[in-house]
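Assemble the whole structure, with the sequences as input and the hints as a guide.
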Amino acid sequence: DAKTTQPNSMESNEEEPVHLPCNHSTISGTDYIHWYRQLPSQGPEYVIHGLTSNVNNRMASLAIAEDRKSSTLILHRATLRDAAVYYCILRDVVSGSARQLTFGSGTQLTVLP
Amino acid sequence: SQTIHQWPATLVQPVGSPLSLECTVEGTSNPNLYWYRQAAGRGLQLLFYSVGIGQISSEVPQNLSASRPQDRQFILSSKKLLLSDSGFYLCACIGLAGDHNEQFFGPGTRLTVL
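Taken in order, these protein sequences are the chains called L and Y. The first sequence begins at 1 in this note's numbering and counts up one residue at a time. The second sequence begins at 1001 in this note's numbering and counts up one residue at a time.
Keep in mind the hints are simulated off the structure, nothing from the lab. Where hints are given, some of them may not hold.
Said to hold, decoys possible - Part of the chain L face toward chain Y, derived, beta carbon under 7 Å:
1) 39
2) 40
3) 44
4) 46
5) 103
6) 105
7) 108
Unchecked claim - Negatives, chain L to chain Y, calculated, CB over 10 Å:
8) 10
9) 23
10) 29
11) 56
12) 58
13) 65
14) 69
15) 76
16) 100
17) 104
18) 110
Heads up, the beta-carbon is just placed ideally off N, CA and C, and yes, glycines get one too.
Encoded structure:
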């Protein structure tokens, strides 16, 4: 799976939007972009995924650059419960759907009250 | 959807003692199962994976072993724990969620070896 690059840490104020960036310049045409997050002392959980178009769900939005070499996870109103490590992961849609994800170091998001 | 159970939630063991961590999965059949370890402040390291009963693949050489005696049961073991075995152990499976495959994780076991 292609590599992703994320900032080690970010801070946000409560109830403000948060934009978490991810660079994936070597992404292939068949790679999906997945985001997971890990709350303290818990296992990672799925947040959102996309291929080319921007995606929205109840947890977040995913904005994908036109060249797909970067993406941004958007939390529209950060709460204290959103403090977690956020992982951006690429998975090949053809060969990777049944394989485990490879987790990097992610971005530690701190939400300030 | 899939639910993963792990126990115990926390464990403190002396160096040299044996270990057995259990993981069971509900809501799916014939899942691919995974054991990860996460050291404090670090990323997830894949330890073992299994595609079926009795089938275990090891990702890294280490002091631990894994077994899959039943379709939805995955066990992580050690005969003699080392200090370096301390960490947060996570069991996971991959399953269908809507129109895509997700990786589901259990609540984890925090192991401290003293």
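Evaluated hints:
The interface hint given for residue 39/L is broken, as the beta carbon of that residue sits about 11 Å from the closest beta carbon of chain Y, more than 7 Å. Because the smallest distance between the Cβ of residue 40/L and any Cβ of chain Y comes to about 11 Å, over 7 Å, the interface hint for this residue is violated. This hint holds: residue 44/L has a C-beta 5 Å from the nearest C-beta of chain Y, less than the 7 Å allowed. Restraint check, residue 46/L versus chain Y: the minimum CB separation of about 5 Å is within 7 Å; hint holds.
Given the 7 Å rule on beta carbons, the hint for residue 103/L holds: about 4 Å separates it from the nearest Cβ of chain Y. With its C-beta approaching chain Y no nearer than about 5 Å, residue 105/L sits inside the 7 Å limit, and its interface hint holds. Checking residue 108/L against chain Y by beta carbon gives a least distance of about 9 Å; that is not within 7 Å, so the hint is violated. In this structure residue 10/L is separated from chain Y by more than 10 Å, as the shortest Cβ-Cβ distance comes to about 16 Å.
Listed as a non-interface residue, residue 23/L keeps its Cβ farther than 10 Å from every Cβ of chain Y; the least gap is roughly 17 Å. The non-interface label for residue 29/L is consistent with chain Y: the shortest C-beta to C-beta separation is roughly 18 Å, beyond 10 Å. For residue 56/L, the requirement that its beta carbon stay farther than 10 Å from each beta carbon of chain Y is met, with the minimum near 14 Å. Every beta carbon of chain Y lies more than 10 Å from that of residue 58/L, the smallest distance being close to 13 Å; the non-interface claim holds.
For residue 65/L, the non-interface assignment is confirmed: its Cβ lies about 21 Å from the closest Cβ of chain Y, beyond the 10 Å cut-off. No beta-carbon of chain Y comes within 10 Å of the beta-carbon of residue 69/L; the shortest separation is about 22 Å. Once the 10 Å rule is applied to beta carbons, residue 76/L is consistent with being away from chain Y; the minimum gap is 22 Å. At roughly 5 Å from the closest C-beta of chain Y, the C-beta of residue 100/L falls inside 10 Å, breaking its exclusion from the interface.
Not every CB of chain Y lies more than 10 Å from the CB of residue 104/L, the least distance being 6 Å, so the non-interface label is violated. Every CB of chain Y lies more than 10 Å from the CB of residue 110/L, the least distance being 14 Å, so the non-interface label holds.
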